[in-house]
Amino acid sequence: MSRPVVATREETLPEAANIRLIWLLTVAAGVTAANLYYSQPLLADIAHTFAISAGQAGLLATLGQLGFGLGLVLIVPLGDSRGRRGLLVTMLLLEAGALLGMAYAPTMGWMGIACFVAGFLTVVPQIVIPFAASLATDERRGRTIGIVLCGILVGILCARTVSGFVGAVLGWRAMYGIAAGLMLLLALVLWRAVPEQSSSGAPYLLLLASLWRIIRTEPALRPVCLFGALPFAAFNVIWVTLSFFLRTPPYHFASDIVGLFGLAGVAGATAAPQVGRLVDRTGRPRITIGLGLSIVLLAFVIFWLLGHVLWGLIIGALLLDLGVQTNLTSCQAIVQNLRPEARSRLNTIFMTCYFIGGAAGSTLGACAWGLARWAGVCITGITLLLIALGVFALTGRCT
Numbered sequence: 502m503s504r505p506v507v508a509t510r511e512e513t514l515p516e517a518a519n520i521r522l523i524w525l526l527t528v529a530a531g532v533t534a535a536n537l538y539y540s541q542p543l544l545a546d547i548a549h550t551f552a553i554s555a556g557q558a559g560l561l562a563t564l565g566q567l568g569f570g571l572g573l574v575l576i577v578p579l580g581d582s583r584g585r586r587g588l589l590v591t592m593l594l595l596e597a598g599a600l601l602g603m604a605y606a607p608t609m610g611w612m613g614i615a616c617f618v619a620g621f622l623t624v625v626p627q628i629v630i631p632f633a634a635s636l637a638t639d640e641r642r643g644r645t646i647g648i649v650l651c652g653i654l655v656g657i658l659c660a661r662t663v664s665g666f667v668g669a670v671l672g673w674r675a676m677y678g679i680a681a682g683l684m685l686l687l688a689l690v691l692w693r694a695v696p697e698q699s700s701s702g703a704p705y706l707l708l709l710a711s712l713w714r715i716i717r718t719e720p721a722l723r724p725v726c727l728f729g730a731l732p733f734a735a736f737n738v739i740w741v742t743l744s745f746f747l748r749t750p751p752y753h754f755a756s757d758i759v760g761l762f763g764l765a766g767v768a769g770a771t772a773a774p775q776v777g778r779l780v781d782r783t784g785r786p787r788i789t790i791g792l793g794l795s796i797v798l799l800a801f802v803i804f805w806l807l808g809h810v811l812w813g814l815i816i817g818a819l820l821l822d823l824g825v826q827t828n829l830t831s832c833q834a835i836v837q838n839l840r841p842e843a844r845s846r847l848n849t850i851f852m853t854c855y856f857i858g859g860a861a862g863s864t865l866g867a868c869a870w871g872l873a874r875w876a877g878v879c880i881t882g883i884t885l886l887l888i889a890l891g892v893f894a895l896t897g898r899c900t
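Counted from 1, the sequence shown has number 822 at position 321 by this note's numbering; the numbering is strictly sequential.
By construction, these hints were calculated from the structure, which means they are not laboratory data.
We treat Cβ as the ideally placed atom computed from N, Cα and C, and that holds for glycine.
Mixed in with the good hints, there may be bad ones.
Simulated restraints on C-beta separations [what the hints assert, rightly or not]:
no., residue 1, residue 2, range
1, Arg717, His753, 49 to 57 Å
2, Pro841, Pro751, 51 to 59 Å
3, Val574, Val528, 24 to 32 Å
4, Thr608, Trp524, 39 to 47 Å
5, Ile679, Leu895, 40 to 48 Å
6, Leu872, Val528, 38 to 46 Å
7, Glu697, Gly556, 46 to 54 Å
8, Gly891, Trp713, 23 to 31 Å
9, Ile716, Tyr752, 41 to 49 Å
10, Thr783, Gly891, 19 to 27 Å
11, His753, Tyr705, 51 to 59 Å
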């Protein structure tokens with residue numbers, strides 16, 4: 502008889518030590534999440550290096566997101582049955598190798614392969630989320646999730662700014678060499694700081710098989726996955742095309758200025774802990790999901806109407822990141838409270854849908870830009886948000 506799938510037993514730590522560990526994990530999650538987004542301000546430069554079109558360069562972002570989705574399915578469930586320290590360190594070491602592959606890729610084909618592998622291995626943030634949730638008390642879980650998600654989004658936003666400047670000064674290849682070094686440093690720090698854990702040792706195939714059973718038996722999970730995926734698709738519709746838009750009149754900006762737009766969203770990222778605190782206090786994450794979807798829709802309306810003036814773009818970027826972060830924190834508050842013994846697998850299901858949405862958004866954005874430039878990009882994002890709000894209106898009883 503096979504052993505039941507049970508959660509890894511976490512080490513009991515003093516509250517102060519738990520808080521310090523949560524902040525360290527937050528930093529690790531943010532720095533690692535950045536690996537998927539360094540390319541976005543650099544796509545025009547990468548396209549020039551390999552003599553390819555904007556649409557072909559946009560496929561690199563899609564490959565990274567698809568690889569990440571596969572990594573979520575095949576790696577993250579191990580968090581429910583294996584010690585997380587070894588899992589985190591192993592992923593960081595392998596990720597360093599994949600990033601070096603991107604830095605030295607001689608052709609577009611090799612770049613695409615390395616980008617997919619790097620995406621596949623960049624699962625540290627999704628191992629961290631359920632780990633941090635398990636370290637928090639029930640009264641602080643929403644806030645803790647918000648802190649980690651804030652770290653992840655700040656990492657994503659700063660990735661664009663940093664890569665834009667590094668690309669302008671040292672070239673896009675240097676950015677991936679630096680990122681590889683950061684992964685090696687993080688591996689050493691986490692190896693020393695994260696306590697060793699006991700593990701249930703549940704069979705790997707049994708863990709994977711249980712994913713479908715969880716989807717079937719948790720009715721609240723299915724609409725929440727859509728609430729996460731559709732806004733993130735819209736988010737990527739903008740960010741995969743912004744570097745091309747800002748190269749056109751009236752802007753004519755280089756990659757370093759494109760990267761600065763990431764800073765506009767940092768203010769939105771800081772809302773996550775406050776959203777988590779509100780969820781803890783009210784116990785009603787559905788309210789903030791609706792608020793987040795509405796804010797993202799407003800951002801796209803502003804992009805469409807005012808995107809050709811700089812202050813309009815900045816306000817739109819701020820609202821976009823605020824809305825996406827509000828929505829994600831609220832969705833994760835629901836997901837991480839469904840089954841405490843299966844938090845990693847629940848996160849696998851939710852985040853797989855989330856990043857499939859991101860990959861679809863990257864592809865839709867590149868296609869929309871090719872067909873109708875900025876207007877097509879904005880109409881695509883608005884359509885995705887209207888679908889999400891329609892599903893939200895029809896699923897009140899489920900969530």
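Hints, one by one, checked against the model:
{"no.": "1", "hint": "Arg717 x His753: 49 to 57 Å", "verdict": "holds (53 Å)"}
{"no.": "2", "hint": "Pro841 x Pro751: 51 to 59 Å", "verdict": "holds (53 Å)"}
{"no.": "3", "hint": "Val574 x Val528: 24 to 32 Å", "verdict": "holds (26 Å)"}
{"no.": "4", "hint": "Thr608 x Trp524: 39 to 47 Å", "verdict": "holds (41 Å)"}
{"no.": "5", "hint": "Ile679 x Leu895: 40 to 48 Å", "verdict": "holds (46 Å)"}
{"no.": "6", "hint": "Leu872 x Val528: 38 to 46 Å", "verdict": "holds (40 Å)"}
{"no.": "7", "hint": "Glu697 x Gly556: 46 to 54 Å", "verdict": "holds (48 Å)"}
{"no.": "8", "hint": "Gly891 x Trp713: 23 to 31 Å", "verdict": "holds (26 Å)"}
{"no.": "9", "hint": "Ile716 x Tyr752: 41 to 49 Å", "verdict": "holds (44 Å)"}
{"no.": "10", "hint": "Thr783 x Gly891: 19 to 27 Å", "verdict": "holds (25 Å)"}
{"no.": "11", "hint": "His753 x Tyr705: 51 to 59 Å", "verdict": "holds (52 Å)"}
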